[in-house]
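Peer 1: These are the residues of each chain, in order.
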Amino acid sequence: MAEICAHIMDVAANSITAEAKKVDIFITQDKNQVMLTVKVIDDGKGMTREMSEKVQDPFFSTKTGRKVGLGIPLLKGTAEHCGGDFYLKSKIGEGTEIFASFALNHPDLPPLGNLRDTILVMIISNPGVNFSFSYTINGKEFTLDTEEIKAQLGDVPINHPEVIKFLGQYLDENL
Amino acid sequence: MKLEDLKKIREKAEKDVELRQKQARIRIVVGMGTSGIAAGAREVIRAFVDEIAKRNLSDVVVTQTGEKGLASQEPMIEVYEEGKPVVVYGNMDAEKTKRVVAEHIVNGSPVSEYVIEVR
Numbered sequence: 008m009a010e011i012c013a014h015i016m017d018v019a020a021n022s023i024t025a026e027a028k029k030v031d032i033f034i035t036q037d038k039n040q041v042m043l044t045v046k047v048i049d050d051g052k053g054m055t056r057e058m059s060e061k062v063q064d065p066f067f068s069t070k071t072g073r074k075v076g077l078g079i080p081l082l083k084g085t086a087e088h089c090g091g092d093f094y095l096k097s098k099i100g101e102g103t104e105i106f107a108s109f110a111l112n113h114p115d116l117p118p119l120g121n122l123r124d125t126i127l128v129m130i131i132s133n134p135g136v137n138f139s140f141s142y143t144i145n146g147k148e149f150t151l152d153t154e155e156i157k158a159q160l161g162d163v164p165i166n167h168p169e170v171i172k173f174l175g176q177y178l179d180e181n182l
Numbered sequence: 283m284k285l286e287d288l289k290k291i292r293e294k295a296e297k298d299v300e301l302r303q304k305q306a307r308i309r310i311v312v313g314m315g316t317s318g319i320a321a322g323a324r325e326v327i328r329a330f331v332d333e334i335a336k337r338n339l340s341d342v343v344v345t346q347t348g349e350k351g352l353a354s355q356e357p358m359i360e361v362y363e364e365g366k367p368v369v370v371y372g373n374m375d376a377e378k379t380k381r382v383v384a385e386h387i388v389n390g391s392p393v394s395e396y397v398i399e400v401r
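So the protein sequences, as listed, match chains X and C.
Numbering follows our numbering, with no gaps: position 160 of the first sequence is 167.
Numbering follows our numbering, with no gaps: position 115 of the second sequence is 397.
Keep in mind the hints are simulated off the structure, nothing from the lab.
It cannot be assumed that every hint is accurate.
[What the hints assert, rightly or not] Only some residues are given here: those of chain C computed to face chain X with a beta carbon under 10 Å:
hint, residue
1, Gly318
2, Val344
3, Gly372
4, Ala384
[Stated by the list, open to error] Some chain C residues well away from chain X (every beta-carbon gap over 10 Å; in silico):
hint, residue
5, Lys366
6, Glu377
7, Lys378
8, Lys380
[To be verified] A short list of chain X residues far from chain C (calculated; beta carbon distances all over 12 Å):
hint, residue
9, Cys12
10, Phe33
11, Ile99
12, Thr125
13, Lys157
14, Gln159
15, Ile165
Each residue gets a CB set at the ideal place from its N, CA and C atoms; glycine is no exception.
Construct the entire structure; sequences and hints are all you get.
Peer 2: See below:
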């Protein structure tokens, strides 16, 4: 994957495949500018311990044609290669939490990528799913929760053209 | 720009919501599996989202799905329209997407050179 954002999008797509109704995404760069951490927590159907281990193995999933593909091994590989850590916690009926960290000074660290488009695309193309984003980089904080947006909108869907325009501008101004 | 500004949009948009809720006229589904994302599916959805907003296409929705099993043709999209066959486009990018919106979604004639399947 060329961008950290593409990994985030991929992990979130797994959450949606797992029937999550809420996906929380945290992106944080620590104050000392050493590590970048990404955490994605969903309330999807979760996995058994055995399945949790298998989805981290690139050969398991491709051989058996499972729905969870190469995405997790790719993210894990990037994190571990770039001086960071990776873990996946999951519980049947409760959801899944995925954590990846990366050393910011690692030469092979992919760029964060286009966070604005990533957030917009996820929200608009999954109107039935709630997302919360929390982004803290260089002391700058940004949070966005689609539940708050939907509360303001009432019956107007979040993927309405006028709302799309608003969200695009809102992200441009605040992110 | 604040979230409270959404109230104005709500008032303005509530009029056409009833119409929209009956059934979106066209549903566009973009493959967002790992291979789709790696091949640029986000840019394709972004282009749809921009065009829907710009052209005020309140009866068109774009959604995502997982792997479509044809990784070599990603990014792939399917266009569902009531009473018509499903049109599948492959190897899409933002520019091709804009053309599909103008010619197929708005004017009703599929862009045959990008079509990989009709079913």
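Peer 1: Taking 10 Å as the limit, does the beta-carbon of Ala384 of chain C come near enough to a beta-carbon in chain X?
Peer 2: violated, 16 Å
Peer 1: Is Gln159 of chain X truly not at the interface, in the sense that its beta carbon sits beyond 12 Å from all beta carbons of chain C?
Peer 2: violated, 4 Å
Peer 1: Minimum C-beta separation from Cys12 of chain X to chain C exceeding 12 Å: can you confirm that?
Peer 2: Per Cβ check, Cys12 of chain X is inside 12 Å of chain C; nearest 8 Å; violated.
Peer 1: Checking a non-interface call: every C-beta of chain X should be farther than 10 Å from the C-beta of Lys366 of chain C. Is that right?
Peer 2: Given a closest Cβ separation of 22 Å, the condition holds.
Peer 1: Measuring Cβ to Cβ, find out whether Glu377 of chain C lies farther than 10 Å from everything in chain X.
Peer 2: About 16 Å separates Glu377 of chain C from the closest Cβ of chain X, which puts it past 10 Å; holds.
Peer 1: Is the claim that Lys157 of chain X lies outside the interface with chain C correct, judged by CB distances over 12 Å?
Peer 2: Contrary to the label, Lys157 of chain X does not stay out of reach of chain C, its closest Cβ about 9 Å off (not over 12 Å).
Peer 1: Interface hint check: Gly318 of chain C, Cβ to nearest Cβ on chain X, cutoff 10 Å. Holds or violated?
Peer 2: holds, 9 Å
Peer 1: Is the shortest C-beta separation between Val344 of chain C and chain X less than 10 Å?
Peer 2: Given a least distance of 5 Å, the restraint on Val344 of chain C holds.
Peer 1: For Thr125 of chain X, which was marked as not at the interface, is the minimum beta-carbon distance to chain C over 12 Å?
Peer 2: violated, 6 Å
Peer 1: Mind verifying the non-interface call on Lys380 of chain C? Its CB should be farther than 10 Å from each CB in chain X.
Peer 2: Check passes; 15 Å lies beyond 10 Å.
Peer 1: Just double-check Phe33 of chain X for me: nearest Cβ-Cβ distance to chain C has to come out over 12 Å.
Peer 2: Consistent with the label, Phe33 of chain X stays out of reach of chain C, its closest Cβ about 20 Å off (over 12 Å).
Peer 1: Should the label of Ile165 of chain X as a non-interface residue stand, given a Cβ cut-off of 12 Å to chain C?
Peer 2: It is violated; Ile165 of chain X is separated from chain C by about 10 Å at its closest Cβ, not greater than 12 Å.
When the structure is compared with the earlier hints, violations turn up for hints 3, 4, 9, 12, 13, 14, 15 and for no others.
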